[in-house]
Amino acid sequence: MARIYAYIEHRGGVVDDSAAELAAAAKKIDVTSVPTAILTGSGANLDTACDSLRSSYGEIWKVANEALAYPNAELVRQALVSVLPANSILLVPHDHFGIDLSPGLSIKLNSAYVPDVLAIEGVEGDWLKLVRQEFGGQVSTHVRCDISCGAVINIRPGAFKAEPSASASGAVIDKSPAVGALVARRRYLETIVAEAGDVDITKHNVLVSVGRGIQEKENLGLAEELAEGLGAAVSCSRPVVDAKWMEKSRQVGSSGKTVKPKVYLACGISGAFQHLAGIKGSPFIIAINKNPKAPIFQVADIGIVDDVLEFLPELTNKAREMRGAAAK
Amino acid sequence: MEILVCARRVPDTSENEIALNAAGNDIERDELVYSVNEADNYAVEEALQIRDRVGGNVTVVTVGVDEDEEILRRELAMGANQAALISDDAFSGSDGKGVATILKAFVQKGHYDLILTGVQGDDGAAQVGGMLAAMLDYPFASLVNSIAAEDGKLKVGREIEGGNREINEIELPCVLSIQTGINEPRYVGMRGIRQVASVPIPTLGASELSVDTSAVGEAAAKVQRIDYFVPELSKGAEMLHGSREENAVRVLELVAAKGGLK
Amino acid sequence: MVGTYSPSYIADWLVPGRNLFLTIHVLGIACFFYIVAKRLVPLVRAERDFRFDRPLTRLGKVFKFWLGQWKHPRYKFAGTIHILIFAGFILLAARAFTVLMVGVDENFVMPGLSGHVYDIITDYAATVVFLCMVVAATRRLVFKPARYAVPAKYGKGHAADAVFLLGLIAILMVADSVFSASNAAGHAQQGQPAEALTFLSLPWMFQAGFASMPLATLWGFNVGAYLVHEVTFYFLLCYRPFGIQFHVETSLFSTYFAKLEKGTVKPVRWGVSEEHLDQVKCFGVKKFEDFTWKHMLDFYSCADCGRCADNCPANAAGRPLAPRFLTIKARDYAFQHYPVLGKAKEGGPLIGGIYSQDEIWSCTTCGACEEECPLLVEYIDKIVDLRRGMIDDGNVPQSLQKPLKALESRGNPYGKMEKKRADWAKALEFQKTCAVKISDGKNGADTLYFVDSITSYDDRMQSIGRSAARILSHIGENFGILGSAEKDSGHEARRFGEETLYMALRDHNTDAIKASGVKRIVTADPHAYNALKHDYKDIPPVEHISQVIAKEVKAGTITFNRVENEDSVYAYHDPCYLGRHNQVYDDPRAVLDAIPGLKRVEMKRSRDRSFCCGGGGLMLFYEPKEEQRMGVLRVRMAAEAGANVIVTACPFCMANLEDAIKVTGLEGKMSAIDLAELVDQHIVRESCSEKSEEGELETAPLGG
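Protein chains in written order, with our numbering: chain A, 58 to 385; chain B, 293 to 554; chain C, 345 to 1048.
For the record, the hints were derived by calculation from the structure and aren't laboratory data. Just so you know, not all the hints are guaranteed correct.
No farther apart than 20 angstroms at their CA atoms in a straight line, the calculated lysine to aspartate or glutamate pairs in the DMTMM-like style are these [to be verified]:
id: 1; chain 1: C; residue 1: Lys763; chain 2: B; residue 2: Glu309
id: 2; chain 1: C; residue 1: Lys1006; chain 2: A; residue 2: Glu281
id: 3; chain 1: C; residue 1: Lys625; chain 2: C; residue 2: Asp676
Calculated Cβ distances over 12 angstroms to all of chain C for the following chain A residues [said to hold, decoys possible]:
id: 4; residue: Tyr127
id: 5; residue: Pro128
id: 6; residue: Pro221
id: 7; residue: Leu246
id: 8; residue: Ala300
id: 9; residue: Lys301
id: 10; residue: Phe341
id: 11; residue: Glu367
id: 12; residue: Pro370
id: 13; residue: Glu378
The structure displayed is predicted, hence computed values, not measured ones. Cβ atoms here follow ideal geometry from the backbone N, Cα and C, with glycine treated the same way.
If we strip away everything but chain A, and leave its shape as in the complex, we get (with noise of 0.2 angstroms):
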């Protein structure tokens, strides 16, 4: 069996969520693996980040690189080739820099790839057995990949459960003078942060969240009102704000903010996993939706099955009763 690899994200010399997932994935596929963390970056941070592994992970590959200092993928790529031996798997978080890294990497490598795992089922001979899906979610798949010659395989972010950290003590190798020099034909020049809006609902406690099923802009109002009652924020899956019936500072999201409130209404909400993505921290969800087969009554604690457009204005006036009882 091969080795596992796994491409640990971190900032700020803290390590992203993935980290944790990744080394339960590694599991998933070899269960007797320790497997190897690989970090690039430069500085105090990157090796702060290098430590706090130690514990999960059986080594540690520390690639510091001044070059590398922004995770820029073609960078990466080079010197991830530089220091993988032939036919590893390495594991990747499927997000917005796995998407970036991956593809062009198992070309480099020579090795399969699979993105936007769900699942992994085992590895019979040489092929390794995963679940994906398609068509935005509506079927599953079972995959098959050859892994002799190595395989890049992209975990999608919240699949795998984070297990309590077995007896790993990871030890920290300095792999940076493997990597040669680092040319690319693309520059990283800067970040342009989203504007913050007039509300931060990353800062709230209730978010009443509204999706398509809220079928016009002007039945936002339904919505307002009923967080108005509730002392919470309205936010938004992508299609509402591609629709531009509400600010990209709204969106809830793996391309709009991670939010982590106590309770989290989602409103006309289908819960495509990009959405899902954005909720952190497992808060109390209630999802209203016409549809009883939408995919967000598997994540929701609580579900009705109803119109939004008729339930939320229900919800509104038993929110003003209800304090008006309380008043008295």
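Chains B and C: place on chain A using the hints.
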């Protein structure tokens, strides 16, 4: 600028209900409506806008079968200068790397400054663009949501988390995968398609492209789909079945209990 | 006044000026013809328009709308003033001509239009016209009616121009009167028999002042007034083609060449049959010269009265559309690019130039503007042509691209599957009461119930379909539906400029209808009704369900139980495509009045002044920039009229009004119901098997 856009014909997810077929080995395709992959359409629109700004030529290509020609014709109606269908029995069953290999052969038969793909297709793989770039040794950027051309180089914005945008400078020739929402694609109607009905769309096979057939096709695929299935629904949410009023009251109680109501 | 019975002019006063007067005549007329010729230049470059058929019908329109001023009383005060002015002008025409001629030929007499009686009439006419000028100017300057206002984005106000014109006409009246009065006074002073000027007329008033003036002064006034009259006349004549006052000349033509059929849309290009449309390079209007000559004539004919914009629901809702300014901007464009002095120059595209995209997409094609315009200026065809141009360029808002694409691939704007189109009829409870068969030609139905997309697929509107089916079943109709063979009627696709898509839908439906072998068609959807009646060809005659019900009520086949809610007050909302476009106003009202105990009120805006609910078909998908929803305004009108139930006969009206009831927070206080549903609830049914779900209005079920 010579621009190439790689497009695909896919079932239109917004107008279709995707379900398994009776045999359980594929989705039910009988009543599906197909159209050009949404992200690829954004890519074509972007290519047209760049061409109209700086001059040049837009070519649209797809790897597929005869039916796929209809999307090429649609993109011609949209304004592309020419189109080509890459089709050969030897190509069927190719995995992502196989498709990238085929496209690489096509690219090398011409000369393109800029190659665009949609960020992902109906299989959600988002791989062909990156693979093609690595095979050609061109720089690559994915999830592109803005492009500005500045003397021989491009400034591209990538969509990253938090709604932020990562600005990169990238040299030509390069490959970019385009995210939806980068522009507002123009409308193409039945009349537009009729007007390009007689524009020739050449079909190119393995021999025209000098593709090593052992590197593509089903036999060469390292990643293979075994089946389609719909997972058993896990426990999921506790469904409330009361009247609307009762449900509303229960919801508010829970919101208050879980630390919500002010 | 110059009459045969006494030479009232003083010959030797005018004769010395004869050469001058003649010169002014020649110059004035030459100038006028030159200006008109220049104004006609863009019309010569314009697209064809076939308006030369049915001359008798057209003459009829001229009599009714031009001579008869038929539309004017819709605004009582302004209308009355205008009728007086118009009548005055007609009456004074001969007189003015005579006065002009007299300066050149003192013996000139207008055959037939002279004599004492004519003089009295014209004296009063001049006086009335003068008074009207004063009133009109006061209105403009002091009272400033809202509809004349010019929003800042369209430039400065038009009041100054208006008052200038009114002043010129007033001067004309005064000059004429001074001329007559000074003549009479001059005769009197010279001891000649003098014409007795009409009591209390303008000339009469002047004469009183002239009575004691020295002859020389009178001569001065006389010749002066004559000159002023002649110069003012010719100045006005030549000034008219420079603004709204051109309508004085063009109105005759705009009414003669007016559109004869309501509810229709002009072909893409007159004279090009559908088979040859592929050869047409561009569809629609992109630049000014793409308009037809009649449309350009409309731009010249606008009198800037603002009645169209005053009734335009898009304007009332705060959308960027006001029909009046569509015309005024185009007119100004024509003046600028085809000037009287200087060379004609072509401009660029209209969209992005004088018009914005949103402006053109905002129109619901309700027809209120056309209904109101006294000059019969047309708007819908122009909007459709401009939309055709935008579609041709691919310039379509993303919100509309989705339903258009769905129409193309699935035959309905919702993108739902074809095979589910007839599911509304399959609800088990419903099937027990009324089995609906599919008309494919093999099961011999006489009548086709054309359901169309919204009634087929929308949860709420399906109840209208079921009610309509039950009604048809009750009256014993052997009817069927097309089922999944039916596609959207294409009514809105056409009016949104997608002519090719519309033709594909139309041809498909036409084939299906013919294959079904039916002899008549009934629908509960006014948009489908209008399409089948006016857009489609060679299909059996079509009726709206309200017409069918009215007939049966009259014949006694349908009788009603007493109205369920005796306290409710009902207001009928005329759907645009049933009412205004097809003039079906009375049948739905007759049906409502046949329900015993039903209390009905009329909203202020009803019948041909009905206020559009917000639009149907593709308009439900468009995201307009507006301050208010039209539906909200309409619901408030119903509340104002004292109603708490709005009855309508169109599923799109239903969608918009029910939505508006929610938005205005009137849920529980106001409701909306379709005529078919109301009828279905109240029909007296004998057998148990026919019982409908009594008393339960079908609303969207929980979770549905």
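Against which earlier hints does the structure fall short, listed by number upward?
-> 3, 8, 9, 11, 12
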